[in-house]
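Colleague: Chains as they are written, first to last, in the numbering used here: chain A, 1 to 349; chain B, 350 to 519.
Hints listed in this document are in silico derivations from the structure and should not be mistaken for laboratory results.
Predicted, not measured: the structure shown is a model, and the values here were computed from it.
Below, computed lysine-lysine pairings styled on DSS-like, alpha-carbon distance capped at 30 angstroms:
| # | chain 1 | residue 1 | chain 2 | residue 2 |
| --- | --- | --- | --- | --- |
| 1 | B | 361 | A | 10 |
| 2 | B | 443 | A | 288 |
| 3 | A | 288 | B | 501 |
| 4 | A | 226 | A | 113 |
| 5 | A | 114 | A | 220 |
Distance ranges between label pairs, derived from CB positions:
| # | chain 1 | residue 1 | chain 2 | residue 2 | range |
| --- | --- | --- | --- | --- | --- |
| 6 | B | 514 | A | 292 | 27 to 37 angstroms |
| 7 | A | 6 | B | 367 | 38 to 48 angstroms |
| 8 | B | 431 | A | 54 | 33 to 43 angstroms |
| 9 | A | 315 | B | 410 | 50 to 60 angstroms |
| 10 | B | 489 | A | 278 | 32 to 42 angstroms |
| 11 | B | 400 | A | 349 | 36 to 46 angstroms |
What the simulated footprint calls covered on chain B by chain A, stretch by stretch (three residues with Cβ under 8 angstroms from a Cβ of chain A suffice, anywhere in the stretch; the number is not a length):
| # | region |
| --- | --- |
| 12 | 442 to 454 |
| 13 | 466 to 472 |
| 14 | 478 to 487 |
| 15 | 499 to 507 |
Even for Gly, the Cβ is constructed at its ideal location relative to N, Cα and C.
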Amino acid sequence: MSKIGDWIDKRTGLGGPIRGFLNYPVPKYVHQNVLYILGGLTLIMFMLQAVTGIMLAFYFDPSPEGAYNSVDFITYQLPLGWLIRGIHHYGSGAMVILVALHMLRTYFFSAYKKPREINWLTGVLLLFVTLAFGFTGYLLPWDQKGYWATRVGTQIAGSVPLIGDTLMQLMRGGPNLGQATLTRFYATHILLLPAMIALLIAVHIFQLRYHGMSPAITEKSKAQSKSFVPFFPYWVLNDAIAGLGLLALLVFLSATQRAPLEFPADPTSGNFVPRPEWYFLFYYQALKYVPGALEPVATVLIPLFIFGSMILLPFIDKGEERRPWKKPVTTIAAIFYIVVIIGFTVLAL
Amino acid sequence: MSHDLEPLDPAKGAWDTKEMGRRRFLEVTFWSVTSVVTVGVVGSGGRFLVGNSLEPRTANWVQIGKIAELKVGAVNRVNYAMKATDAWREVEQKGALYAYTADGASYTVLDGSCTHLGCIVQWAASENRFRCPCHAAEFTREGEVMSGPPPKALGRLETKIQDGALFARI
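Chain B extracted, bound-state conformation (with noise of 0.2 angstroms):
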C-alpha cells in the first residue's frame, strides 16, 4: 500500500504541508492503541465464550440399583438419574450402565458409552457381547475391545455397596 498521497485538484485545493510532518505519528499511534484494543477485546471475549466449559466433571456416587434386584451371572442394563447443574439448570442428568457379577458379592459396572464416538452399546446376550450399533463395533462382556473402530476398552467404573444396594462413581 503506497503511502505518498497523489496530489489534489488544485481546484480543490492541496493537503496541508503541516499537519503532514506528524503524519506518520498519527499512524503508528492508531495503529498501537487499535492493537492494544483488539488483544483486550479478543482476550475478554474469548474468555466469556469459554465460560466454565472447561471446569473438570466432579465424580458423584449414584445408587444404580438393588442387590437383590440385579441378576447374577448375567449383564444387566441399568440406568440411572442423577441431579446435576448444566450450565444455569437444575437437571436430573440420565445416563446407560452395565452391571455384571460372577457371585453376587463383586460388581463389574461399565459406562455404556462407546469409547469411539459416545453411542450407547447394547448387550448382544446370545453372542455375549457388547455392540456398538452406531460403528459397529464390540466388546467382551468386560469391555474390552473385540472388534472395530474403538480406541480402548469401555470405561469400568468403581463401585461400592451400601445398605443392600450397588452404588458406581459418575
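If we strip away everything but chain A, and leave its shape as in the complex, we get (with noise of 0.2 angstroms):
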C-alpha cells in the first residue's frame, strides 16, 4: 500500500474493510451467470436516478404555475436537458423492469428461504418504494398525464372503507389536487424516499454479505460451488460493463424520443383520456372490471393480498427444495402473476 493509504488507513480504520468488501470470494456459477447481474445493474441504475435527479432539481420549479414551463425548460432549451430529463424518464422505467426482473431470478432461484427472508423483505420493500419513486415523480411535471393519474391514484386511496377520504386528503393535502399536494409530493421523492431507499438498500446488500450467495440449485452450478474469484475486479466489471449498455440504451431512447410531456394540467379538461404510466396500466385495466359495491375490494383487498402473500412466500414456502421445475405451486403462481399482468397491460394498451 502507498505511503498516503497506510496514512489514511492508520487514522481511519477503512482499509480493511473495504478491502474485505473487494476481495469478497464469488462463487464460480453465479461469476458466470448472467442472470446474477441484476441486482447491482439495478443498483447502477438507481445512482443514476439520484444523480439525475438531483440535476434536475437545480432547475425544476415545484409549483402549479412553475412546473409545467421549468420542466419544458428543462426539456427543450436547456443544455443537454433533454439527455438529463430523458435519462431519468426512461430510468425510472428501467428501475421498475430491472426490480422485477431481479426478484423473478430471486424467486425462481429460492433465494427467499431461510436464513435469507430478511433480504427477500427488505426486496419486497424496495419494490413498493420504487414503485412509489414512479408515482411521485410523474405528478410533477404538472401534465396532464400527471395530474390525472395522480387524481386517480388519490382517489384509490379514498375507496378505502372508513378512512379513505381522510387517507385521500392527507395524500393531497387538501380536498382538491393544487399546490399543497404538488409540495407534498415532491418532498416525498425528492427526500423522504431517498432517505428509505437508501436505508433499504445498506440492509438489503449487508444481509446479501451476511449470508453469501444462495446455494447452488443445477448439479452443473453445484459442480462450481467450491470455486471463486474476487468480487473486485470480476463481478464488478460484469456489471460495469451491463451499466454501460443501459446507460448507452438510455441515452439512445433519450435522443431518439424526447422525454414526454404532454399539455398542462387542466382540471376541465373534457377530451383528455387519463391514463397511468406503462407499469401500472394493468392495474387500471384491472379496475374497470370491478363493478361498484366490490370497488374496495379492487382498491385495497387484492393489492393487500399481493403484498401480504409475498410478505409471508418465504414463511410459507419453508421446504428444502429450491429447484422451481420441482415446486409446481410457486412456479405456477408466479407464472400466474406474469400472464395476468402481461395480459392486463396488453389489453390496456
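Using the hints, put the two chains back together into the complex; each one sits in its own frame.
Modeller: Below, the structure is given as C-alpha cells:
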C-alpha cells in the first residue's frame, strides 16, 4: 500500500473493511451466470436516477404555475436538458423492469428461503418504494398525465372503507389537487423516499454479504460452487459493462424520443383520456372489471393480498427444495401473475 | 440481548463495580426520557405534516352561466372558475359541470367528476348517456349509474337562479 493510503488507513481503520468488501469471494457459478447481474444493475440504475434527479432539482420549480414551464424549459431549452430528463424518465421505467426481473430471479432460484428472509422482505419493500418513486415522480411536470394519474391514484386511496376520505386528503394536502399536493409529492420524491431507499439498500446489501450467495440449484452450478473469484474486478466488471450498456440504451432513447411532456394540467379538460405510466397500466385495466359495490376489493383487498403474500412467501414455502421445476405451486403461481400482469397491460395499450 | 457485561481484558482494566450498581437505573431513565421525547416528536411532527389538509371544504355559490345561454332540452357542459385558496396561494379553481333543463325553469346540475375515481365524464349525446373515459363507466342523463364500476350516482348540486343566471353550490 502507498504511504498516503497507509496513513489514511491508520487513522480511519477503513482499509480492512474496504479490502474485505472488494475481495469478497464470489462463487464461480454466480460469476458466470448473467442473471446475477440484475441486482447490481438495479443499483447502478438507482445511482443514475439519484444523479440525474439531483441535477433536475437545480431547475425544477415545484409550483402549479411554474412546474410545467420549468420542465418544458429543461426538456427543450436547457443545454443537455433533454438528456438528463430523458435518462431520468426512461430510467424510472428501466428501474421498475430491473427490480421485477431481479425479483423473479430471486424467486425462481428460491433465494428467499431461510436464512435469507430479511433480504427478501427488504427486497419487497424496495419494490414498493420504487413504485412510490414512480407515482410521486410523474405528477411533478404538472402536465395532463401527471395531474390525472394523481387525481385517480389518490382517489383509489379514497375508496378505502371508513378512513378513505381522510387518507385521500392527507395525500393531497386538502380536498383538491393543488399546490399542497405538488409540494407533498416533491418532498416525498426527493427527500423521504431517497432516505428510505438508501437505508433499505444498505440493509439489503449487508444481508447479502452476511449470508453469502444462495446455494446453487443445478448440478452444473453445484460443481462450481467450491471455486471462487474476488468481487473486484471480476463481478464489478460484469456489472459495469452491463451498466454502460444500460446507459447507452437510455441515451439512445432520450435522443430519439424526447421524454414526454403533455399539455399543461387542466382540471376541466373534456377530451383527455387519463392513463397512468405503463407500469401501472395493468392495474388501471383491472379496475374496469370491478363493479361499484366491490370497489374496495380491487383498490384495497387485492393489493393487500398481493403485498401480503409476497411478505409471507418465505414463511410459507419453507421446504428444502429449491429447483423451480420441482416446486409446481410457487412456479405456477408466479407464471399466473406474470401472465395476468402482461395480459392486462396489453389489453390496456 | 444479554445484559451481562463480558469481563474486560485485565491488561486494559476492569468495569467500575461501584458504577455498575446504578446501571439499571440509568438505563431505565434513558429509555423513559427517550420514549417521552419520541412521543412528543412524532406527535408534533405528525400534526405539522397533516397541516390543514383535513379542513372541511367550504361550499360557495358559483355562477355557471346565463339562463339565456343554456340550451333547453340538451345537456350543457359548463366550465367554471372561482377564486379559492390553495394552501398559501389564491387561485382560480376550475372544474367541469353539466347542466340540464327540460323547461327552462328547473335545472339539474351534475358534478362532472366520475364517482369511481374522479375522471371527468363526457356527455355522449347520440347515446343519451355520460361516459367516463377512464374505466368505461356509464351514467344516465340524471347521473344514475348505468354500467361500470362507479359506486354511486354523479354528484347533484344545489342550484338557484338569480338575476338571469344559474348558480350552483360547489
